[in-house]
Amino acid sequence: MIFKEPTSAAILTAIEAKVSTDTLFVIKVAENTQLDIPGLIQDLNGTSAQYIGGIFPKLIYDGELLDEGVIVTVLTGLQQIHVVEGLASGSYELEKHPVALDSDFCVFTFVDGLASGISGFLSELYRSYGSEIRYFGGGAGSLSLQQAPCLFSRDGFLQDAAVYCLLKKTTYLGVKHGWEKLGGPFIATKTNANVVEEINWQPAFETYREIVEADCEYSFDDKPFFDISKGYPFGMVREGSECVVRDPIAVNDQGHLICVGEVPENTFLDILKGKNDQLIEAAKQAAKEAADQVNSPAAAIIIDCISRVLFLDDHFEKEVSAVNMALEEKGIKPTLRGALTLGEISSFGEGFIEFFNKTTVVGLFE
Amino acid sequence: MAIGKSLNYNKNCDQFLKVFLSRKMLKAGWIVQLQNTNVRLRYAIPAPYKPKEEVTLAFIRDFLKENKPVCIPVDKQVSDICPVPVKGGFIVAFPMANRSVLIVHSPKKEPWKESELRQLEPVIRKFGVALLASSDFEEQKRLLKRLERNNKDLNDYAHVVSHDLKSPLRNIHSLVQWMQDDLENDQPQNAMAHMPHIYSSLQKMDGLIAGILRYSKLRETQENMSKVNLNELIDEVLALIQIPDSFEIKVNKLPEIRADKLRMSQLFQNLIDNAISAMQKTSGDLITIGATDLGNFYEFYIKDNGPGIAEAYQQKVFQVFQKLDADSTKSGIGLAIVSRIVEDHGGQLRLESQEGHGATFYFTHPK
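First to last, the protein sequences are chains A and B. Every letter in the first sequence is one number past the one before it in the numbering used here, and letter 127, counting from 1, is 127. The numbering used here runs 1000 ahead of the 1-based position in the second sequence.
This is chain B alone, in the form it adopts within the complex (with noise of 0.2 Å):
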């Protein structure tokens, strides 16, 4: 069978899984690792109806210890822990590698031999280490990516610091150096005159700091995943934000997830704040926030109907401390932020807009 001809996952679990459910006349196949005290769905054909954290085979762990495959009768107690449909036939699941068991549907009636168990374990368990190659692959693929976000980082922020920075310092100490001279040539209401600019620099200066401790604290690991209704997350949001009247949001059905619900508090309110700060505030905006479910992922969008972003300036407002208006008030991270606490939990963001026909930021979140 097609065993690790690919390093991506689910693309491994595709070829072997589409093969065997053929071959054997399956129905469905799944596989569950043990995590800590946690059952996570890794992957499923058909796609799962039932959230990951439902998928708790109570059996597993003892299954694990005695490491060797089973056949049990499917009935009601085992078909309410299957994440798809099941009716009649039997299960049959194969202990694997890496603490993960793969589970497959066979609708016949009979009982699969103990000899036939015995055949298929050694290919499984070669199917195993394939996918722990591939989890370690994925794995290391993520620490690169996150090594080069950092040194980008890094880049960006000596980049702040040496010009961001010091232009609103320049800034200050010409309007300083005025101030005196008008001081010196007696003429007080000239030098008042620039203290509104050296505010806005400070504010400005003031903006970027926050924003630099802003990033900088964003935790690198995902310590606190749990499930996440999102729809209650984003209730809860949407009271922290000053919604001009004008605005609609419109929120449609979210699915439950499993996250870090302190970041996708975040990744929500950075979204909202930015579509409502480039809409033109006046009647009929909108906002729309939705999911679509593909399978092995959900795709969320945050939609708005406001100017729209021109197609050069679209991959510049993923990127730290750019803006694309002179307000001071902006710190230009929201969106980085956002994009980062994305990549963390596994997803892409990317963004739809046409000049004049609005914004939409999709991103996706593994299930």
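With the rest of the complex left out, here is chain A (with noise of 0.2 Å):
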């Protein structure tokens, strides 16, 4: 369901004729829409419909990239709906599941991705609900990066929280983000949750600064450490698998790098560099690697980081277009839908959950 100019008693209306027991509404805001979200959670609480949802930089629907609206995705095998408040202090327990459950369960999860402690809240989340199942998820929050309530649940409008569910349903996944290495290994020789202080026993900015600016055609000094630093993430060496990404999206005045993401002490650190067609490629790839897999999917949702838009610019409708594509070619039939993330959260039975940056992450939903 989409809402281009949504109203509260239009979601309202649209969710009451759809509401069963195991079914979870996913409720995704573009961050610029008008929408009082209080009032919206008061009406949905007069209801019994079970749902989660996150305010995200833009939306995806069918191909358009919507700065304005709401989409309302329908899931259906919901057991259950956890939220978690304190992620920064970590001062929080998840339950573990009493029995271990297989490939037919998904997590679904949204964070605040501006928070801190994510990691340690997904490695939580592994730890309740065992390496089988398959974890989806994406971070919500600002563009302005400045940090404010963006999930919303039953139990309010959250920030510094953590949203998911448990559903009985067969997933499945591709993840990529195509991103090549242009220096490296590094070590991260000191960090501080998602602050790399350190590269090579080194203040990280220098070590960071040489390598780009040996690739670059501008220098740090002629431009917003963003504007470039947007094109030269950060990759987590991972063997025989994609690295994870982690964005530098600030230096401070230490000459410390801020990422989206937290960074290991003693992690191997590569330096990437992205080209478009790859980029579109990978997401294309994502698409393929779980439309293979799927028999007659029910919802099929794409998770892509916000900061591949601003670095694909007007190529980032091409990514989209790609990955429909794909679908279409193996006969998905659901229409494509989606948000623009900070950061997005994957594990199907490959290796540990994770936190990635400036990736695709494409859920095909049975």
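Treat the hints as calculated values from the structure; they're not laboratory data. The beta-carbon is built from N, C-alpha and C at its ideal position, and this holds for glycine as well. Do not take every clue at face value.
Unchecked claim - Some chain B residues judged to face chain A by a derived CB distance under 8 Å, without partners named: (1) 1022; (2) 1026; (3) 1027; (4) 1028; (5) 1046; (6) 1049; (7) 1107; (8) 1111; (9) 1292.
Relying on the hints, combine the two individually framed chains into one complex.
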């Protein structure tokens, strides 16, 4: 369901018509939408609808990028919705699921993409639900990078939080980014959560600048940091798989690089570089990877990083078209819808759960 | 990798294994330690599904003797002894200090090369040394806490002897003197009237002395750790307690844990006794006992729908010989015993209560 000029009443009417005990409504709101979220929560709480929602920089619907609007996706097989508050402090305990779950279950989660402690939350999620089920989700929040309430559920309008739901639903995922190694590996010799303080025992910015300026036509002295760094992210090395991308978004006075997502100390880092064609091809591959496994999905959701839009600019529409085309080629019928997020979440039985940056995650839900 | 950044055993494991699992594309990791004839599961991610007694890797003794890493294909036999679901691929085991072994599950189809194992071995051994330091630090903290508690107990004991025991003794002294006066004045009826007060003071003294004895007899060490079925244990405890007809006691499904059975029995008896004595004894009185699995530990709860405990008194209830009412039959020692048993098993006790809305005692117990 899409609402290009949404009102609480219209959303409520549409949701009420589909309410059932095992139905989850995933509500994605574009950040420029004129909608009273606390009012919507109040209205929805007057029904028996089970829902989670998030505010995202932009939405994607059938190949179109939306700055305003609301998309509601209906997923069946809902078991339970959970809310975790206080991600930054880590002062929460997640209840472990009493029995081992297999790949026919999925955890769908939205996190406050600007909260610290997301990796810690994801580890706890993995600890609770195990290695076999599928994990899918993304980071909500504003493109202004100012932290504010950005998640909602029956528990209210939340900041520094995560919402997650267990679904009995077979899900197929594809994850790719397409960024290529420019330099490295280096060692992140001193880090503090999402701040890389030293690389190879040098101030992080010094090492980063040396590699990037050698490749780039601009100097960091001439342009704002993010204008250049959006094309040169870090990659945390993983053996036998694409690296996990970390987006450096700012440099502080001490020469430390501030990233979206944590970088554990002593991580091997590459500095990456992107080319439009490769990024678009990677997104297509992510869609193909999911589509190759699925039979007849009921929903197709894309979680794509907002910083891919910032990098690809006008070419981003080609990325969405490529994903759509890959799904159509495999006869996938549901309309592709999704959000541009601050970080992407995925794990599908191939290894540990990760919080990605600058990555495309395609989820097909049967 | 992030080795030894914390002196907390679990945090140390979290920090190292998160990076290790991510970098090597592994699905699970756990640490077992050989303790006498048992294999103890010290840590696991994802959280373990099998109770630790079942995590007995037959090959661990031989493996520790060999003292070098191995990579073993996962078959049914291997899968059955892993504490987390493991399908396909390989498990890779690394010997560490303190008779411990780190085991990880790699879902890949190819076995790890010898060179890869050799390359990782010194890193894992360094991690093992950091864990040994964490264990020692935690043991030191536990001993210090016990020492603090023993000092406090000694102070409380001095207080009991100098004040609480002396008070009924003074009462008896006065009452006997009054009796003597009444008898000298040929008023035996008046003298007899003092007798119930003397008995009451004697009962109070008897209760205090019995309490001191009970508390001092609590064993310091956990000599008899074994697998305990808590649902069976609570059935046994309930058979020993006089439960008024108006009470309903609801016991949810509880896990099997590794504990000192006698002391766990004391713990539940005291908590249930405490809940019963706090309630109104009217119809609708309900005590609920249950547990939540929080991954590396369980959290148990004993919840009543009684009058609750005002916030001002919530810390007082855990102190030795502290009572919230003047009932002379109570020693004020039950919750202090509970607190000590929980701490000795490595857990923590807390109370949540709102006056007029019942009370819930929670305690954690490591797996």
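Taking the hints in turn, this is what the structure says about them:
1. 1022: holds (5 Å)
2. 1026: With Cβ-Cβ at 6 Å, under 8 Å, it holds.
3. 1027: holds (4 Å)
4. 1028: With Cβ-Cβ at 5 Å, under 8 Å, it holds.
5. 1046: holds (4 Å)
6. 1049: holds (5 Å)
7. 1107: holds (7 Å)
8. 1111: violated (13 Å)
9. 1292: Constraint on residue 1292 of chain B satisfied, holds at 6 Å.
Hint 8 alone, counting from the list given before, is not met by this structure.
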